[in-house]
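Peer 1: Based on the provided sequences and hints, a complete structural model is requested.
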Amino acid sequence: MKLSERSEEILETLWISTVEEKKEPLFLGLAEREEAIAELLKGEYIDVSAGEVRLRERGKEEGERIVRRHRLAERLLVDVLDVKRGLTHEIGCKFEHLLHEGIDENVCTLLGHPKMCPHGKPIPPGRCCEKSAREVVQVVRPLKDMEAMDRGTIAYLATNDQGRLHKVMAMGALPGLRISMIQKFPSYVFQIGQSQFAIDKEMAEGIYVRLEKD
Amino acid sequence: MGFVARVVNVFQSKGCHSQTVSLPSEEKRGKIAIVGSPNVGKSVLFHRLTGTYVTVSNYPGTTVEVFRGSGSIGKETFEVIDTPGMYSFLPVTEEERVARSILLKERPDLILHVADAKNLERMLPLTLQLMETGLPVILVLNMTDEAERLGIQFDLSLLSERLGIPVVATISTTGQGIETLKGLILDRLRELGRPCCSFPYEEPMESLLRELELMLQGHYGISKRSLAVLLLQEDSEIHTLVKDNERDDRPLTSLVERGKGQFPHPISYELSLERQRIASKIFHEAMRLSRGESKGDWVEWLSRRMISPWTGIPILLFILYYGIYWFVGDFGAGVLVDFLEGTIFEEKINPWVTTLITSILPWKVFQELLVGEYGVITLGVRYAIALILPIVTTFFLAFSILEDTGYLPRLSLLIDRIFKAIGLTGRAVIPMVLGLGCSTMATMVTRTLPTMRERIIATLLLALAIPCSAQLGVILALFEGNPIGLWIWFGIIATVFLFVGFLSSKVMPGEKPSFYMEIPPLRLPKASNVLIKTYSRVHWYFKEIFPMFLLASVFIWLGQITGIFDLIVRGLEYPVRLLGLPDKAAVSFLFGFFRRDYGAAGIYDLKKAGLLAGSQLVVASVTLTLFVPCVAQFLMNIKERGMRIGFGLSLFVLLFSFGTGYLLHLALTILGVRL
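Sequences listed follow chains A and B, in order.
If you want this note's numbering, it's the position in the first sequence, counting the first as 1, plus 801.
If you want this note's numbering, it's the position in the second sequence, counting the first as 1, plus 5.
If you are wondering where the hints come from, they were derived from the structure by calculation, not from laboratory data.
For every residue, glycine included, the Cβ atom is placed at its ideal position computed from N, Cα and C.
Some clues are possibly wrong.
Stated by the list, open to error - Here are the simulated lysine-lysine pairs, DSSO-like style, with alpha carbons at most 27 angstroms apart: (1) A/K824 x A/K916; (2) B/K80 x B/K248; (3) B/K517 x A/K945; (4) A/K945 x B/K511; (5) B/K425 x A/K945; (6) A/K824 x A/K861; (7) A/K823 x A/K922; (8) A/K922 x B/K517; (9) A/K895 x A/K922; (10) A/K1002 x B/K511; (11) A/K922 x A/K843; (12) B/K265 x A/K922; (13) B/K187 x B/K517; (14) B/K517 x A/K1002.
Unchecked claim - Rough simulated footprint, nothing fancy, chain A against chain B, three-plus residues with beta-carbon under 8 angstroms: (15) 244-258; (16) 643-654.
Claimed, not checked - Derived Cβ-Cβ restraints for the label pairs, each shown as a range: (17) B/T179 x A/N961: 27 to 35 angstroms; (18) A/R928 x B/R649: 28 to 36 angstroms; (19) A/T814 x B/Q267: 16 to 24 angstroms; (20) B/L668 x A/R952: 33 to 41 angstroms; (21) A/E822 x B/D302: 50 to 58 angstroms; (22) B/N250 x A/L899: 49 to 57 angstroms.
Peer 2: As structure tokens, this is what we get:
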């Protein structure tokens, strides 16, 4: 049974505050009489006792999937569809409900199984991410996973680590520039334009490249 | 050439100078700052614009060298500053911070942004940031010959029009385009005070910046737009500057806070993306790509061999053998030292000075001070000039050549992984290699390492396990004819280096360092550049170290006539006995503190006198190499790292060196090893 949009949003909020941020359980207050709450109770997603809402096992699993779809949607909007940055959250909220089973995996694969949303929050991994560790079919992948002689265009930079971001930007490794890999060991050596740079593994994890097909 | 070499100054051709201010008079000469990222030919351009009189000084509070000189075009003279390499106006490294400070504090009348023509797309964002400061900018497209070989050509007039600033194409190594540049410089200096142009950002960034600009009331060296951009990126230096210049900075801070919330990415990232977008657009409009010559690229081939571990390590060993062992060890410490010390000092100067002093100074005590066994002249001056000068000069010569070929960054990336294990990054290769020349100077250079944690670890390793060139020379001589002893010595020092580094990286708090470095193209070094660098380093060495030599002689003299030395030596005899060494070795350890190499030289004398067996020699050399650094380095440790850490490090090194020596002696005795 597919949940209503409103129910999905409630699960999302609950998951972020109790599972991700490990805050105290939420109080329902006025929302208690809402239709969506009834739906979630009936589907055994949540428990309500003395006005306190708790996620049940099923609710945790579903909540994680919803958060994953939301953050994937944001990545898609920012990196591929180039949506105005102020609008991503808003559109992402609507978009997430469309990425149901199957579609989210396609989007995830297209984006190279990203680990962070554009706001720097982690994207919970899906089945496809685990599979990708074995099969290497990615359109966008971190520089770390490129092979020597691979070419591509920088797609985006991970923004969760500001210090690293500044260093990457100082080298001029910015989205849109063409990049080619020279060597992976003992350090990652790559070329942008006519300049070559060497970086370590941690820095190489912060640059995502859209690969060119041979 | 035609297309590239054609230089168009749109301002000139349109004849639109609004007002002409007369050139700065004698008392206020124009000031020109050369700015650009590393390896774009800034210093060559600097030498083209300035005459012979050039001063090099460290920027206050840093080890970053800044070159200044004066130049003239026709009758007009001006000051030229060669700023350290800068990638972006938001500094990450100390060099960038210095370069920006020069622009902020000295407010040059003109900025020459030197860019590598073949990498213009990546360099243009800095042009935009420089333009944003409001200071007049000329874009100098350098190395256009290399770009042309790759088939990259530019429409200079279009580029100039799009940017709104003059653009000139040059090849600074051959001097092409320099005359045109000089013409442009004159034009610009005549139009002083003409505000430069900036470019609009996309909304909502643009409105946010405007709002910030309006709130800034103070007087600053650079434009409010530039300040607003830096404030928004929460640059702490700029924040302090603004705090000092504004009556109330709280509304600004809260606007910055609010502004940040409008963007999903960090502001610095948003701004960089935007600037790169503008830069790429201009670049693609003004560039024409044709088929370049297929580079018969043996240089690139060599570069790849240097950075691949399979071929890179043999190349490293080759360089170490010929660059260090052969050139510095055999030629510098052997041939040159023999000549200077044996022929010049021992045969000519010393006998002459000794006769002279003894005839004019009747007091035995003062004769000892000047020309005795440890006299200021016979030992201090002789040591400095005949022994240290040739070794240090050959080392710095080799180092400057390596530096100018671009080999060192390749070495850095090759051994970054190993250095990570000891809490450092490939960047630390430069102070470590320099430490083989003079550990004191290298300790000072550790300042260029990005974090305090790396600086402390590097200081410790330099004090403990990196022998300086003077000491290396003596050690190599000690083990002549005893290769097994030399290998044991090397093995122990290398193990200590890695082991202590590994431990301190585990013990020291702080973030793991990250490594990133531009790998400049390999180039044939220019003799003049190498000589200037070698000269300035040897000059520094003498200015700082020579007085120490003289002082050490005086200390030894004082210690001897007061009898303090005898006391200390007797005290040292106990630990020395524990190491299984003759009592006489205690003297070497004491002297070793004044100069690490004095100590080793003392051991050398003992060996010549037949007082040391092979295994004792190994124990003594290992202990002395690890032993407390020379007095100069001890002082440098305190100066650079502060009292507490400086003393702490030295105490640790003292205990560790004797401890290791003791264990080594024990091990050799128990195993019954005889060398």
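Peer 1: Work down the list of hints and note, for each, if the structure agrees.
Peer 2: Results for each hint:
The suggested pairing of A/K824 with A/K916 holds, with an alpha-carbon distance near 23 angstroms, which does not exceed 27 angstroms. Distance check on the hinted pair: B/K80 and B/K248 sit about 43 angstroms apart at the alpha-carbon level, beyond 27 angstroms; violated. Between B/K517 and A/K945, the direct Cα distance comes to roughly 18 angstroms. Compliance with the 27 angstroms bound is thereby established for this hinted pair. Between A/K945 and B/K511 the CA atoms are separated by roughly 26 angstroms; this keeps the pair inside 27 angstroms, and the hint holds.
With a CA separation close to 17 angstroms, the supplied pair B/K425 and A/K945 stays within the 27 angstroms bound. Among the hinted pairs, A/K824 with A/K861 is consistent with the structure: their alpha-carbon atoms are about 14 angstroms apart, no more than 27 angstroms. Taking the CA atoms of A/K823 and A/K922, the gap is about 15 angstroms. The hint holds against a cut of 27 angstroms. With a C-alpha separation of about 22 angstroms, the suggested pair A/K922 and B/K517 falls inside the 27 angstroms cut-off, and the hint holds.
Taken as a hint, the A/K895 and A/K922 pair is honoured in the structure, with Cα atoms around 19 angstroms apart against an allowance of 27 angstroms. A threshold of 27 angstroms between alpha carbons decides the hint, and for A/K1002 with B/K511 the separation of about 20 angstroms falls inside it, so the pair holds. The hinted pair formed by A/K922 and A/K843 fails the criterion: a straight-line CA distance of about 31 angstroms is larger than 27 angstroms. For the hint linking B/K265 to A/K922, the alpha-carbon distance of about 17 angstroms falls within 27 angstroms, and the restraint holds.
Proximity of B/K187 to B/K517 is assessed by CA-CA distance (about 47 angstroms); at most 27 angstroms being required, the pair is judged violated. Note on B/K517 and A/K1002: the hinted pairing holds, with a Cα-Cα distance of about 12 angstroms set against a maximum of 27 angstroms. Residues of the segment 244-258 of chain B with a Cβ under 8 angstroms from some Cβ of chain A number 0, which does not satisfy the need for three, so the listed coverage is violated. For the segment 643-654 of chain B, the stated coverage by chain A is violated: 0 residues have a C-beta nearer than 8 angstroms to a C-beta of that chain, whereas at least 3 were required.
The hint said 27 to 35 angstroms for the Cβ distance between B/T179 and A/N961, and at roughly 47 angstroms that hint is violated. A hinted range of 28 to 36 angstroms for the beta carbons of A/R928 and B/R649 is inconsistent with their spacing of about 55 angstroms. Roughly 23 angstroms separates the CB atoms of A/T814 and B/Q267, a value that falls within the hinted 16 to 24 angstroms. Checked against the hint of 33 to 41 angstroms, the pair B/L668 and A/R952 fails, with Cβ atoms roughly 54 angstroms apart.
Taking 50 to 58 angstroms as the suggested C-beta distance range, the pair A/E822 and B/D302 conforms, at roughly 54 angstroms. Checking the proposed 49 to 57 angstroms range against B/N250 and A/L899 shows it holds: the Cβ atoms sit about 52 angstroms from each other.
Hint violations for this structure: numbers 2, 11, 13, 15, 16, 17, 18 and 20, all remaining hints satisfied.
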